[in-house]
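S.K.: Sequence:
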Amino acid sequence: MTALIYLQGYPESLLAQVRQLIEQNRLGEVLEKRYPQAHAVTTDKALYDYVQGLKNRYLRSAPPVNKVAYDNKIHVLKNALGLHTAVSRVQGGKLKAKAEIRVATVFRSAPEDFLRMIVVHELAHLKEKEHNKAFYQLCCHMEPQYHQLEFDTRLWLTNQALKNR
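In terms of full-length UniProt numbering, the sequence shown is residues 1 to 165.
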């Protein structure tokens with residue numbers, strides 16, 4: 001039986017349903033029906049514009065995002081689905097922190113809803129550094145279906161892993 005590494009922490013009753021879909025070879029079919037097509041945000045520039053659009057809509061007063069990129073060095077299992085960092089640089093004798101968001105390259109070909117969930121998550125870190133109640137409230141403010149999309153993204157990653165073994 002396949003270990004459900006992306007779904008650790010979810011209730012056993014839910015995991016049993018996922019295992020059943022895998023055994024029936026229906027997990028991919030279910031996800032494809034729910035999320036039929038990939039997005040068109042495939043370049044770093046398009047990703048930057050996408051992130052800026054969401055930031056301008058929901059987080060105008062948050063610090064600016066200076067760089068956004070897909071990153072093929074992010075290993076989904078070992079690190080995360082995306083990363084937010086503050087890079088400090090000296091400019092004219094002053095120390096400046098520049099916010100960067102990096103998204104795992106695997107999401108170039110993911111459904112748009114999953115990309116949006118990742119971006120919302122990383123944008124929320126501009127205001128809330130920790131994964132606390134306020135953080136998840138902010139995520140849900142920007143994307144009301146945040147928790148469902150996070151779960152479905154984990155299902156999609158599970159299906160990708162099954163296809164690649």
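Possibly wrong hints are sitting among the right ones.
Label-pair restraints from in silico Cβ distances [to be verified]:
#1 E12 with T43: 38 to 44 Å
#2 T43 with N164: 43 to 49 Å
#3 S109 with L15: 24 to 30 Å
#4 R26 with S61: 43 to 49 Å
#5 P11 with A40: 21 to 27 Å
#6 C140 with A40: 21 to 27 Å
#7 F135 with A69: 30 to 36 Å
#8 N164 with V30: 15 to 21 Å
#9 Y136 with A38: 23 to 29 Å
#10 A40 with H147: 23 to 29 Å
Don't read these hints as lab results, they were simulated from the structure. We put the beta carbon where it would ideally sit given N, CA and C, even for glycine.
S.K.: Look at each hint and say if it fits the structure.
M.R.: Results of checking the hints against the structure:
Restraint check, E12 to T43: a C-beta distance of roughly 41 Å satisfies the suggested window 38 to 44 Å. Range check, T43 to N164: about 24 Å between beta-carbon atoms, so the 43 to 49 Å window is missed. The hinted window of 24 to 30 Å between S109 and L15 holds, with their beta carbons roughly 26 Å apart. Against the hinted window of 43 to 49 Å, the Cβ-Cβ separation of R26 and S61 comes to about 45 Å, which satisfies the hint.
A beta carbon spacing of about 36 Å between P11 and A40 contradicts the range 21 to 27 Å that was offered as a hint. Distance hint for C140 and A40: a CB-CB separation of about 26 Å, consistent with the stated range 21 to 27 Å. Look at F135 against A69: about 23 Å separates their beta carbons, and that is not inside 30 to 36 Å. Between N164 and V30, the C-beta spacing of about 19 Å keeps the proposed range 15 to 21 Å intact.
Range check, Y136 to A38: about 27 Å between beta-carbon atoms, so the 23 to 29 Å window is met. In this structure the supplied range 23 to 29 Å holds for A40 paired with H147, their Cβ-Cβ distance being about 26 Å.
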